[in-house]
Structure formats: C-alpha cells, structure tokens
Amino acid sequence: MNHSYAGKTVLAIDHLKVQPASIIGLIGPNGSGKSSLLRLLGLIERPTQGEILFNGLRVEPFDDEARFRITLLPQEPILLKRSVLKNVAYGLKLRGKGKEVVQKANEALARVGLSAKDFSQRPWYALSGGEAQRVALAARLALKPKVLLMDEPTASVDAASAQLIKEASLRARKEMGTTLIVASHDWQWLYEICDEILHLFKGRIFGTGRETIIFGPWQDFGTGKRGKSLSDGQQLLVSAPPDREAAAVIEVLSVSDNGPTSPGEEIVLRGTVSRLSLERKTGQLFATILIADIPFTVGLTFQQGKEHTIFPGKTVFIRYRLDQIKWI
Amino acid sequence: MNFLLEGFFQAFSLLLSGNAETYSAIWATVRVSSYSIGSSLLIGIPLGFCLGYFDFKGKKPLRTIVDTLMALPTVFIGLLVYAFLTHRGPLGDFGLLFTLPGIAIGQTILALPLVIGLSATAVESMDQKLRIAIISMGANRTQLFLSSLWEARLGILAGAIAAYGRVMTEVGISMMVGGNIKWHTRTITTAIALETNKGQFGMGVALGLVLLAIALCVNVIVSFLRRRD
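First to last, the sequence lines map onto chains E and A. Just so we're aligned: 247 in the numbering used here is position 247 of the first sequence, and the numbers increase by one with no gaps anywhere. With positions in the second sequence counted from 1, the corresponding number in the numbering used here is that position plus 328.
Treat the hints with care, since some could be wrong.
What the hints assert, rightly or not - On the chain E side, residues computed to face chain A include the following (Cβ under 10 Å):
#1 Gly42
#2 Arg58
#3 Phe62
#4 Thr71
#5 Pro74
#6 Gln75
#7 Ile78
#8 Leu79
#9 Leu80
#10 Gly91
#11 Ala136
#12 Ala139
#13 Leu143
#14 Leu149
Said to hold, decoys possible - The calculated PhoX-like cross-link candidates involving lysine-lysine, where the alpha carbons are at most 20 Å apart (straight line), are:
#15 Lys326/E / Lys225/E
#16 Lys144/E / Lys166/E
#17 Lys81/E / Lys457/A
#18 Lys457/A / Lys86/E
In case anyone wonders, no lab produced these hints; they're calculated from the structure. Beta carbons are placed, not taken as given, at the ideal position from N, Cα and C, and that holds for glycine.
Chain A extracted, bound-state conformation (with noise of 0.2 Å):
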C-alpha cells in the first residue's frame, strides 16, 4: 500500500510544482475535451430536439439506433477515425491524424448520440401542452423553438454532462487517433494509462485526481445553475 500513498504525495508535488509534463496532458485534455464537447452540443441539441419534439416517419427506427450509438464502443470508433484520417483514408489530406482535431473529431462521435438522445428524451418529457401555452402567448416558430428549448433546459444540461463525462475519461480515441504523443496529443487519460504501465504511479495519480477535480467543477457549476433556477 506504501506506493498508493507515495503516489498520493508526489501527485501533489508535481501538480504544486507546476510539472510541465503534467500540465500538458492536463491543457491537452482541457482543449480536446472542449471542442468536441461544444461541437457535439452544437450539433446534438438541434438534431435531438427535433427528434423528441416531431413525429415523422421512422422516429421509432431512428431512436433505436441513437440509443444504440450510446453504447459505441470507443476503441471501435477510435479505429473507424484513424481507418479515415489515416494518409490513406478519405480524409488523409487533411493531415488531422495525431493531432487534437483528430481525437476532437472521434470524440465528437462518441459524445453525439448521447446529446441526442438525451436531448430528444429531454423534450419529449415536456408538457405537450406547454407548446399550446407558448403559441397563445404569440411566439413564432423561432421564439417556440428556443422557448421549449429552454423549458427542456435541465434534460439538455444532464446529457451534456453525461456526455463531457464519457469525452472526458476515455481513452481508446485519444490512443489510437492521438498516438499519445508528449507535448502535443497526450491526455490525461493515455498519461494515466501510460505511467502506470511504466510503474510510475505519482503521476497517474496526480492526473486522476486532476480529472476528478474537472468532474467536480463541472457539477458545482451545473447545480449552482439548477439552484439560480
């Protein structure tokens, strides 16, 4: 147990001593995390209200196979992204594979459809009535649209958070499309992964409680959110 703690006590010397190493994977982590999870809002939130919200020909299908992507499995997307991002792939031009854009891109597949699926059970528990009480008022399209958007508000953030949590702590994209390279595509989780397998547990620590640290800011920050409401 001696090296759990001794791991414990050298977290923190790095983390205090401001480790470059240890700050980079932190900074890569915080950077990728933030554009897949925004770009993965951006489009889940419009894409999953419509789901809840209209009824159309094949929204059951449809549905079925959302909540079956939230299961994907990240290494097998991990390999469908580098399969397409490698210089032979489709999209080998773009030059994205071992960069943070790359790992962005599987993790904005990985985050998707649990935005959307989220979202869209967000909405659809919604008072059907509520859009009868927002029309009467005089909203257009556009106003019902945001309003009922912001009435689904607290489902909506509970998907985001769901799925910031599942971007956050993976590690099969960052691996495979990343190729954890130090300084530029090393997140927290491949460093974890990483100086464990090298025995140096000090680090790993210090990385996990950095990333239990992120956890906890975002759910302070979520249920001050809730409480202002």
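With the rest of the complex left out, here is chain E (with noise of 0.2 Å):
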C-alpha cells in the first residue's frame, strides 16, 4: 500500500495483517504516517495504492461490507453541533437502530465513566477536553465495532479521563472481540496492553519499537568520526551517515555497570535508568536509559536485570557497535 499527498509519499506498507481481537501500537515521531494509516484502515480515504481487505474482502471507504464495522476515533474529539445523547446515538441512527437507541447510547455513556442524568443532555459545547473525548469513545463503543482505531485517544485529555478511556477501550477488546489498533505517544501503555507494536517512521513500517533511533543531522568529527556531541559532554559516535539528516538504529548489546575497560570495537557511553517496563505478553524487561537527554531502549532478561540490580536513577553503561548501526 503507497499513500501519497500532493505527490509527496506519506506511506509505503508492503504487507500488514491484523489479527480478529488483536491490539496493535502504533508508535513512531510526529509526521511518520500513524494518522495516515489510520485514516485508511478507518476507510476514511482510499489509498493512492494498494488495496486494504477486512475479511477477506476488499473494502473502500462507504462500502457497505465495512462501514458499520470500522470505526475511527480521531485525535481531537470532533463533536457533532448537538447534545451528548444525539452524539452517541448519531452512528446507531445511521444504523437504523430506532427502538434501542437511547438505551445503548447512555450504556456506552456509563462505560466512559459518564452518567446519562447528568451528560445526556448537555450540548456539546459544555463540555471539557477529557469529557469530549470520552463522548466521542461512547459514540463509538455504543456501535459495538469489530474494528476500533485509535488516533493519540489520550494525548490531549486530562488523566482521569485517560484512564477511563484506556480501560473502556480495554473492555471492548474484552468484551465484544474489538481489535484495536491504537497510535499513541504512551510507550508504556501500549507495551502493557499490546500484541504486536509496529513501529513506524517516514512512512515505514519496521520493527517493534525497541530500537534505539537517533535522528540527525551529524557532525563530522573529524578523523573519520562522525556523531553527535551531547550536553554532559560524551560523543555519541555513529558509522558514516548516508546523508546529514538520516536517522540511525542502534541497537544496545549490552548494559553493565561498568565503563569502558580496554579500547575496543565497541563503543560505550554512560548513562541514568529512567524508567523499567515489562511488556506483558513475553515477559521481557525494558530498560529506558538516557544518556544526556536522549533515551536508548534495551531489552533485559529478568535474570540480566536482577543481575545488575537496574532501577530507575541507577548510572549505567551501554555498549554498542558502529558496524551494527542501521541507517534510514
């Protein structure tokens, strides 16, 4: 699949398959095509090329076959000019669900965390950033979708909300069999609660979101090395860039608590544990380990992490290789 606007290409996917009540991440900077692939699995725009299947089927936005199954919940909560009941019931009507809709629309009300007595009636406008949001959650659990796509669902929402939001979009997976595919800054979040995280970058998809990507420009060194000067004064050395501007994967090979011994091969730089997570379904560790104030990503057995007692706060050292930097 190739997207593109204004014949600049924002996507290009050679194959992605999404299991039934599966939960998917998307991960990645701004403007690395999460809200692009989103807006096209949502059928919302059609892809420049390539083609999207839901069963099986091939589907294009308005077909019948997928319109009442997918659902999109955009980044900023877009309410229609109306009260919060014919917000959540709009997508029912549209349904042709006549009898039950206000029922079903204050049940999805209350999986928010809203109450009907006191929401059902409110306008639209009377309504808080956090609030908005969840009504715009309820509009579309109240459809009880096969698909529900996320856009940053908590990115501009206060926390109470976003708690409610993650755990009402929990539920539905729990519940109705949803499969979700979420885009959010909230690393760990999602690597509590996904299946799979496809990390993606200029409009590629590659690898789980484990990788360790620095982003230019580089300077060059001289003496044939070229890197990045931190702020607490170490180098960050790298293998010749392709351009001044591209970003390089590295990956960590090892964490310890001690710094360079002999010269060698590998390079070393030190740095503070910011945050240990554990990505649920494999039971795998992760450490966030900045050095100067850009973060590095290693995987850790819970053997290799009790090995070297990590916590947050803790000073370590990371060692990597400049033959193993990927460049994209």
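The task is to assemble the complex, starting from two chains supplied on their own in separate frames and drawing on the hints.
See below:
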C-alpha cells in the first residue's frame, strides 16, 4: 500500500496483517504516518496504490461491508453540534436502530464513566476536552465495532479521562472482541497492553518500537569520526551516515555497571536508567536509559535485570557497535 | 412633523380596519417572497455546499464571481428579466411579464448569489475533521452530505435571512418586472414608493410597519431555532 499527498509519499507498507481481537500499537515520531495509516484503515480515505482487505474482502470508503464495523476515534474529539445523547446516538441511528438508541447510548456513556443523567442532555460545547473525548469514544463503543482505531486517544485529556478511555477501550476488546489499533506516544501503556507494536518512521513500518532511533543532523568530528556532541560532554559516535539528516537505528548490545576497560570496537556511553517496563506478553523487561537527553531502549531478561540490579536513577554503561548501526 | 404622526395614525387605522388594498399588497409580497426564497434556497444551498466543500479547478474565480453577484443592483436584474420576459424576449411566450411568478424569477436571481455565497462560507468554516468524524460513524455519501449540511445550519440560516431581507425590501425588480399593478403585482415596497409619491404617507407607513413586523417575526423564529439548538 502506498499513499501520497500532493505527490509526496507519506506511507509505503508492503504488507500488514492484523489478527481479529488483537491489540496493535503504532508508535513513531510526528509525521511518521500513524494518522495516515489509521485514516486508510478506517476507510476514511482510499490508498493511492494498493488495497485493504477486511475479512478477506477488498474494502473501500463507504462500502456497506465495512462502514458499520470499522470506526476511527480521531485525536481531537470532533463532536456534532448537538447534545451528548444525540452525538452518541448518531451512529446507531445511521444503522437504523431506532427503538434501543437511548438505552444503548446511555450504556455507552456509562462505559466511559459519564452518567447519562448528568451528561445526556448537555450541548456539545459544554464539555471539557476530556469529557468530549470520552463522549466521542462512547459514540463509537455504542456501535460495538469489530475494529476500533484510536489516534492518540489520551494525548490531550486529563489523567482521569485518560484512565477511563484506556479502561473502556480494553473492555471493548474483552467483551466485544473488538480489534484495537492504537497510535500513541504513551509507549509504556502500549507495551503493557499490545499484542504487537509497529514502529513507523517516514511512512514505513520497521521493527517493534524497541529500537533506539537517533535523528540527524550529524557532525563531522574529523579523523573519520562522525556523531553528536552530547550535553554531558560525551560523544555519540556513528558510522558514516548516508546523508546529514539520516536517522540511525542503534542496537544496544549490553548494559553494565562498569565503564570502558580497554579500547575496542564497542562504543561505551554512560547514562542513567530512567524507566523500567515489563512487556506483559513476553515477560521481558525494557530499560530506558538516558544518555544525556537521548533515551536508549534496552531489552533485558529478568535475570539480567536482577544481576545488574537495574533500577531507575542508577548510573549504567551501554555498549553498541558502529558496524551494527542501520540507517533509515 | 404632524404629517408623520398623522401617517402613523392612518397606518394603524388601515391595518386594523382590514383595508383591502393594503392587505392585497401585503399578500402579494408574502407570496412572491415565499416563491423566490423557496426556490433560491432549493437551488442555492446544494450549490453553496458544493462550492464550499469540494476543491476543484476554477473554484477561486467562481467564488469571486458569486461574491460579486451578491452586490448585483436590483434595477439591473429587473432590466435583464424584463428583457427576457417581454413578448419580444426569448421567454416572452410564457406570459410571465407583469405577474408574481415573473417577479419571483427576478428575486430568485437576486437572492441566489447570497444563498450560494453564504452557504459556501458556512460550509468552509466547518471543521475539516468533521468529515472524518461523520464517515467514521458509518455514514454513506448521502448521510455525509446531509449531516454536514446540518452541522453548517446556523451559517446557512444566516444566509437565508440575509437573502430574505434583500428579497423583501427590493423595489427595482418588483417595479420593472411586476409593473406595480394594483390588486395583482403591487407589493409592499412598490406600494410605499407609489403612495409616497402621491403624498399618501398613511398607507406608506402602514406598509412599512408591516415589513418591519415580518422582519421581526422571521428573526424571532430564527432566534428560537438557534436557542433550541
């Protein structure tokens, strides 16, 4: 699938398969193509090239086969200029569910922690950002979708709303078998809930998001050395970049308590553990280590974590090799 | 100043006594403005929606033309419509000159640019992401069109009121195309012009008050609809 705007390719994905009732996380920097991918999967737009299959059938925007089963929750809660109840009932009415509309709408509101008594008659403009996003989610949950696509659902809401949105979306998967595809910068949440995480960069999918990507521009230090001068005085060295703005994918080989011992092919940098997270599906630990201001992600077995007594705040050393750096 | 006061007293007397000539002009105005505003909304709203919603080649020049036509002088429209409807004109066989439908055609031409332009503005000012929200809820193309139109309803309503105001208060088209024929095509505005020329301020003021009352009624209804939203 290829998709472009004004001749500029924003997405180029060879193949992507999503299992029913799975949770897929999309991560990547702004402009990496996450929202474009969600709009295409949500059948809002038609890809410039390629096709999207749903239950084995090719689907396009407005197709009857898919439009009642796939729904997208945009990043900004765009509500129709009507009451909360009418907003939540809108999709149900499109589906011709006349009699049960109010009951289903009220149930959906309850799912996102909004009381029908207090909220159903409120106009669209009398809601906070978090409440509006919850109403928008309720409008989608009321449809009992087969696929729920969420674009940064918790990016611009308060902590309580974020928690309720997370709970409601997971409950939809559990109770209705809804497939969730979530784009978010909340990596920790995604790693906790997702069956698979896709890392998007410049419109392409690569890796699982555990890779450390360092963006250009790169400096030339002379004598064949290139890299970045870090704010703590260290130098982050890289192999020859294809261009000044290229991004380097660095695979960290190990984490240890000890600094460089003897000159070798490995580059050693000192940093501080800033976060430890557990990937629930694999049981693997992931440590985020801040080298100056740059976060490096390192996968650890439980044993390694225990052996090196890794904990947030601890100073550690990471090692990587120049010849293993990949450029994108 | 006494003649003005006398005019007011005479106006109330004409209205309260049910003066046939006065009510004939009122009825003609209500009928012809209903025809023209109805047809201009029917044609203008879909065209305005398309102009505001879709991007196409030549959109900007078309928008400039529509905006320019909003200021079209009524006497010029009157002249054109007269030329088309006169027995020597291309539509002369229909016999519409000096009839209320003839005036309605002219007033539709007057109101159409306003309805198209202001509907287009209302649609353009809608949040672009609204389309995503509506499609993502499962709308088909017709439902997308109708829902988008409904979302832009307040702006479109404002356009309709502006157009109605222009239609109700114009003199040029009614005078030239309608001919100001008593009991037939005499509208409130042409009657005011005629009666004022004759020095009959009473009927002029009475009809002016009726125009004001109609404008007030329309705005009260619109305010009610807005509040209900």
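Okay, the hints, checked on the actual structure:
1. Gly42: Status holds, d = 6 Å.
2. Arg58: Violated - the Cβ of Arg58/E stays beyond 10 Å from chain A, reaching only about 18 Å at its closest.
3. Phe62: With Cβ-Cβ at 5 Å, under 10 Å, it holds.
4. Thr71: holds, 5 Å
5. Pro74: holds, 5 Å
6. Gln75: Hint on Gln75/E: holds, closest Cβ of chain A at ~9 Å, below 10 Å.
7. Ile78: holds, 4 Å
8. Leu79: At 8 Å from the nearest chain A Cβ, Leu79/E passes the 10 Å test, so the hint holds.
9. Leu80: OK, holds: Leu80/E within 10 Å of chain A, min 6 Å.
10. Gly91: holds, 4 Å
11. Ala136: holds, 8 Å
12. Ala139: holds, 7 Å
13. Leu143: Hint on Leu143/E: holds, closest Cβ of chain A at ~7 Å, below 10 Å.
14. Leu149: holds, 8 Å
15. Lys326/E / Lys225/E: This hinted pair holds, its Cα atoms lying about 17 Å apart.
16. Lys144/E / Lys166/E: holds, 16 Å
17. Lys81/E / Lys457/A: Status holds; Cα separation ~13 Å.
18. Lys457/A / Lys86/E: With Cα atoms ~19 Å apart, Lys457/A and Lys86/E stay inside 20 Å; holds.
Against the hints set out earlier in the document, a violation occurs for number 2 only.
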